[in-house]
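Start from chain A and add chain B according to the hints.
Residue numbers (our numbering), protein chains in the order written: chain A, 136 to 279; chain B, 119 to 423.
It is worth saying that the hints were derived from the structure and are not from the lab.
Each hint can be trusted.
Heads up, simulated DSBU-like pairs for lysine-lysine below, C-alpha to C-alpha not over 30 Å straight-line:
#1 236(B) / 168(A)
#2 340(B) / 276(B)
#3 168(A) / 166(B)
#4 184(B) / 276(B)
#5 333(B) / 379(B)
#6 121(B) / 340(B)
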Amino acid sequence: MSTVNERIDGIVGEFAELEPRERLELLLEFAQKLAPLAERYRAERDAGLNRVHECQTPVFLWVENDGGGVKIIADVAPEAPTVKGFVSILADLYHGAEAAEVVAAPADIVQRLGLTESLGMVRMRGLQAISQYIRRRVAESIAS
Amino acid sequence: MPKEYAHPEVLVSTDWVAEHHADPNVRVVESDEDVLLYQMGHVPSAVKIDWHTDLQDQVVRDYIDKQRFAALCSSKGISNDTTVVFYGDKNNWWACYAFWVFKLYGHKDCRLMNGGRKRWEADGREWSREPEPNYPRTNYVAGDPDLSIRAFQSEVLKHQKQGRPLVDVRSPGEFTGELLHMADYPQEGALRGGHIPGACNVPWSRSVNEDGTFKSPKELEKLYAGEAGLKRRAPVIAYCRIGERSSHTWFVLQYLLGFPKVKNYDGSWTEWGNTVGVPIEKGPGPKTTDLAVSNSAPVPAESTS
Numbered sequence: 136m137s138t139v140n141e142r143i144d145g146i147v148g149e150f151a152e153l154e155p156r157e158r159l160e161l162l163l164e165f166a167q168k169l170a171p172l173a174e175r176y177r178a179e180r181d182a183g184l185n186r187v188h189e190c191q192t193p194v195f196l197w198v199e200n201d202g203g204g205v206k207i208i209a210d211v212a213p214e215a216p217t218v219k220g221f222v223s224i225l226a227d228l229y230h231g232a233e234a235a236e237v238v239a240a241p242a243d244i245v246q247r248l249g250l251t252e253s254l255g256m257v258r259m260r261g262l263q264a265i266s267q268y269i270r271r272r273v274a275e276s277i278a279s
Numbered sequence: 119m120p121k122e123y124a125h126p127e128v129l130v131s132t133d134w135v136a137e138h139h140a141d142p143n144v145r146v147v148e149s150d151e152d153v154l155l156y157q158m159g160h161v162p163s164a165v166k167i168d169w170h171t172d173l174q175d176q177v178v179r180d181y182i183d184k185q186r187f188a189a190l191c192s193s194k195g196i197s198n199d200t201t202v203v204f205y206g207d208k209n210n211w212w213a214c215y216a217f218w219v220f221k222l223y224g225h226k227d228c229r230l231m232n233g234g235r236k237r238w239e240a241d242g243r244e245w246s247r248e249p250e251p252n253y254p255r256t257n258y259v260a261g262d263p264d265l266s267i268r269a270f271q272s273e274v275l276k277h278q279k280q281g282r283p284l285v286d287v288r289s290p291g292e293f294t295g296e297l298l299h300m301a302d303y304p305q306e307g308a309l310r311g312g313h314i315p316g317a318c319n320v321p322w323s324r325s326v327n328e329d330g331t332f333k334s335p336k337e338l339e340k341l342y343a344g345e346a347g348l349k350r351r352a353p354v355i356a357y358c359r360i361g362e363r364s365s366h367t368w369f370v371l372q373y374l375l376g377f378p379k380v381k382n383y384d385g386s387w388t389e390w391g392n393t394v395g396v397p398i399e400k401g402p403g404p405k406t407t408d409l410a411v412s413n414s415a416p417v418p419a420e421s422t423s
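For reference, chain A alone in the conformation it holds in the complex (with noise of 0.2 Å):
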């Protein structure tokens, strides 16, 4: 299996291979690749818990790190496909990788992905800030 480090070179190679406007269609790509809400998640997300209150959209995130590595499970409210996007390139990052290796592996993907430009630094932030959220959890996996 390739490390998280290869994949990230990997999808940023993706992305760098690409026009500006042409980014932005692959990250739409993703968002909707995203796998809808597990049945077993949803009531968690209706009385509200899990959710991520620094996103102004609805966003609610779950790691997991019971043996088979870490998954990353999440739901995206539709009106925010940026996010969403974002989210479902970093749950594939991550999917079974060692908890230690998410936590070791460079923090500036966002930065990497070559979307500033077409983001503007707002909206960067607001990736950045999502980004950051899902490492901290997965080492809180960790130590729990």
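Quick look at chain B alone, frame taken from chain A:
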């Protein structure tokens, strides 16, 4: 209490847009917070204008200049006499922001689709997934910036020292400065939390209904003139964090309630909360019911400088 909005013609319904979106004299413009939403489906015939890539200068913190504004309009097939109808996500925040920029450069006929994307969706209307249409270019001529709707920081400082009304349209947590910031993420993008001393806090969201449409004239009057104590003829400045939510309140005060002197302070908290030496107040501030009194009170003491 008014029965009708002050400028009802500025607000159009989803019905109206469904009927007129393809009229050659009408251009529907989608402006969203989320940069991908337009591609996922938009009102048929609509073009996309992005607040960041299209309306803001990429080097200086400012809007595009009038030449670039004219070029933008031309590229979207907008003439000086086109009726431009804005709509978008987030209860039309960015639609109001784009509307405001169009007014800054003197575009005459701007309208807002009441309820934005949310209402269009709730009405079960058609979403087009066609690529953005290419309209013939125009010879658009932009006016000089209309500074009667834009406040710069120096002016806000003067306004504040004179005890004139300011509306902070952020959430109560942002207003009091108590909002908890997550690690690695100063959410405000500012070094200090709180609000401009003397400002009243009327979160923008209080002006809209659940379906994204604006509240009735009576309810808006009660909120801004009643509860917040704003005087119709007094100059008012609205601000938020980066000037988008306050464009929404600017729209409400200027077009729905007909306040004649309303400015948007687009520098907002990301400028004020980062500026050395400007006065800041923390906590709930003056109770809104006391606001009428505080407006006529002597110059408020500076709290931090």
